[in-house]
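These protein sequences, in sequence, are chains A and B.
Here the first sequence stands for residues 1 to 319, numbered as in my numbering.
Here the second sequence stands for residues 1 to 319, numbered as in my numbering.
Don't take each hint at face value.
Since the list can't tell identical chains apart, any single copy or any two copies may satisfy a pair.
Cut-off 30 Å, straight-line C-alpha distance, at most; resulting in silico cross-link-like pairs (DSBU-like, lysine-lysine) [said to hold, decoys possible]:
#, residue 1, residue 2
1, Lys266, Lys2
2, Lys276, Lys308
3, Lys2, Lys276
4, Lys308, Lys165
Hints in this document: simulated from the structure, not taken from any laboratory.
Only a predicted model underlies this, so the values are computations on that prediction, with no experimental measurement involved.
There are 2 protein chains.
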Amino acid sequence: MKRLTHPRHSHEPAAVLVVGSVAYDDIITPRASGERILGGSASYAALAASYFAPTRLVGVVGHDFAPHDLARLRARDIDLAGLQVDPTGPTFHWKGRYHENFNRRDTLEIHLNVFERFRPQLPEHYKNSEYALLGNIHPALQRHVRAALGKNVFAAADTIDLWIKTTHDELLALLRELDLFVINDTEAELLTGETNLIRAGHALRAKGPRIVIVKKGEHGAYLFHPDGLFALPAYPVVELHDPTGAGDSFAGALLGALAIQTGAGKPPTPTFAQIKEAMLFATVVASLTVEAFSCDRLESAGIAEIQKRANELRAMVTV
Amino acid sequence: MKRLTHPRHSHEPAAVLVVGSVAYDDIITPRASGERILGGSASYAALAASYFAPTRLVGVVGHDFAPHDLARLRARDIDLAGLQVDPTGPTFHWKGRYHENFNRRDTLEIHLNVFERFRPQLPEHYKNSEYALLGNIHPALQRHVRAALGKNVFAAADTIDLWIKTTHDELLALLRELDLFVINDTEAELLTGETNLIRAGHALRAKGPRIVIVKKGEHGAYLFHPDGLFALPAYPVVELHDPTGAGDSFAGALLGALAIQTGAGKPPTPTFAQIKEAMLFATVVASLTVEAFSCDRLESAGIAEIQKRANELRAMVTV
C-alpha cells in the first residue's frame with residue numbers, strides 16, 4: 001500500500017498538481033552537514049502529497065540530476081511528465097546554514113542554474129487536477145500555472161521572504177487568484193506589517209485568499225477560515241535534524257489529505273472540518289521531514305508511521 | 001454570582017490557598033505606562049482563583065497599602081486572614097520595562113521593603129485547604145508553607161529565573177515536594193539545560209513533580225502528565241496591553257478550576273482530563289489579564305466573559 005486510505009471515504013482521491021523547485025542543497029546545521037541532497041519545494045511537497053493522492057510534478061532539473069533521485073520520486077508513483085530536463089546547465093543549487101536552535105538560517109550560496117530559464121509547461125492530462133500547490137517559486141511562475149488550470153481547481157500557494165521583498169505586486173496579484181495561502185509567521189508579519197499573528201491572518205484573508213494558514217514551526221499553525229479560527233499545536237519533535245522542507249511537505253501533505261477527503265471527479269470544495277483534518281496530517285508529515293536531511297525520513301516513514309503520529313497528535317490536542 | 005459553576009459538578013468547590021507577593025508595580029510597555037498599580041504573584045493568582053473557588057491569601061503588605069486595593073481583593077471574597085500588614089515599611093515595589101513585541105522585560109528597580117522580612121503564617125482555618133499555590137517567591141518560603149499544610153494538600157508552585165539562578169538547591173528541594181510545577185519556556189530551559197521543550201518537560205518531571213506545565217506565552221502550554229502529553233494553544237489575544245501577571249493568573253485559575261472539579265472535603269486527586277479542562281480556563285483567564293494593566297481586566301471581565309472565552313477556545317482547538 002503506497003497511500004493512506006480514509007475511513008470515511010472509499011472514493012478515489014482527487015489529483016494534486018505540484019509546481020516548484022527541484023534542487024540540490026548543501027545544508028549545514030548545528031549538528032551535521034549534508035552535500036548535494038535532494039531538495040526544492042516541489043520535491044518535498046510532491047513526496048508528501050504522494051502519501052495521500054495521485055501527485056503530478058511540474059519543475060525542471062539540469063544535466064547533473066542523478067537517476068537515483070529521479071527513481072526516488074518515481075518510487076512514490078509521482079507523475080513526472082511535467083518535469084523538464086534541461087541539458088544546458090546544472091540543477092538549481094542552494095547552500096544554507098542554520099543557527100543554533102534552528103530559529104534562523106543564512107543563505108550562503110544560491111545558483112538558479114536551469115531554474116533561471118524555467119517556464120512551467122503542463123502536460124494535457126495534468127489540467128484536470130482538482131488541487132494545485134503553487135510551491136515556493138517566483139510569483140509570476142505561480143500565476144502562469146494557476147492561469148493554465150482553469151476555474152475548477154483549488155489553488156494553494158506558499159511563498160518566502162525573497163518574493164515578498166522583490167516581487168511584492170506580483171505576489172499581491174497571485175493572492176487574489178488563490179483559494180488557500182500558506183505562509184509562515186515571520187513572512188506573514190513581513191507581508192502585512194502586523195506583529196500580532198491573529199491580525200496578520202485576517203489581513204492576509206483581506207488580500208484575496210478565502211483561507212489562510214499561518215505556520216509557526218514548533219509552535220504549530222493557525223487556520224483562518226470563513227467559518228472560524230483553528231489552532232493546532234505541532235507534533236512534538238524531540239530530535240530536530242534539519243528543518244529544510246518542513247513548510248513544503250506541510251503544504252503537500254495538506255493538499256493530499258484534502259484530496260483524499262473530497263475525492264476525484266468533482267469540484268474540490270473542502271469544508272472547515274476537512275481542512276482541520278488535513279492540517280493534522282500536514283503537521284505530522286512535516287514532523288517527519290525535520291527528523292532527517294532531505295526527504296530521507298519522509299520517504300522511509302511509511303503510511304503506518306504517518307497514521308500513528310496523526311492519532312497521537314489528535315489525542316494530544318483533545319481537551 | 002461571583003463564581004463559575006461547573007455543569008457536571010454540583011458539589012462545593014475545594015478551597016485554594018495562595019501564597020506569594022503583593023506588590024505595587026511601575027510598568028512601562030511599548031504602548032503605555034502605569035505607576036503604583038496593584039501587582040504581585042499572590043494578587044493576580046488569588047483574583048484569578050476567586051472566580052472558581054473559595055480563595056485564601058497569604059502575603060504581606062506595608063504601611064502604604066491602599067484601602068481601595070484591599071477592597072479590590074475583598075470584593076472577590078478572597079479570605080485575607082493570612083495577609084499581614086507590616087507597619088515598619090512600604091509594600092514590595094517593582095519597576096519594569098517591556099521591550100518591543102513584549103518578548104523580553106528588564107527589571108529597572110526592585111525594592112523588597114516589608115517583603116524582605118516576610119515569614120508566611122497560616123491562620124488555622126487555612127490548613128484544611130485542598131489546593132495550595134506556592135506562587136513566585138523565595139523557594140524557602142514556598143517550602144515553609146508547603147510543610148505547614150500536611151500531606152493531603154495538592155501543592156503547585158511557580159518560579160522565576162531569579163530563584164533558578166540564586167537558590168538552585170532550595171528550588172530542587174521544593175520540586176521534590178510538589179504535585180504540580182508550572183514554569184515558562186525560558187525558565188524550563190534554564191533549569192534543565194534542555195533547549196527542546198518536550199525534553200525539558202520530561203526532565204522536570206524527573207526532578208520530582210508528578211505533573212509539569214510548561215507555558216509558552218502566546219504559543220500556549222504543554223502539560224506533561226503520567227497519562228500523556230497535552231498541548232493547548234493560547235487564547236488569541238489581539239490587544240496585548242501588559243503581560244505582567246499572566247503566569248500568576250494562569251496558575252491561580254488552574255487551581256481554582258481544579259477545585260471546582262474535584263470538590264470540597266475530599267483528597268484532591270485531579271485526573272488528566274480534569275487538568276486539561278482546568279488549563280482551558282487558566283488560559284482564558286491569563287488572556288484577560290494581559291489585556292489591561294494590573295488586574296483591571298481580570299476584575300471587570302466577570303464570569304460570563306470567562307465562560308464565553310472558554311467555549312471559544314474549546315471550539316478553536318477541536319479538530
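Going through the hints against the structure:
no., hint, result
1, Lys266 with Lys2, "within (23 Å within a copy, 54 Å between copies)"
2, Lys276 with Lys308, "both (17 Å within a copy, 22 Å between copies)"
3, Lys2 with Lys276, "within (23 Å within a copy, 37 Å between copies)"
4, Lys308 with Lys165, "neither (40 Å within a copy, 40 Å between copies)"
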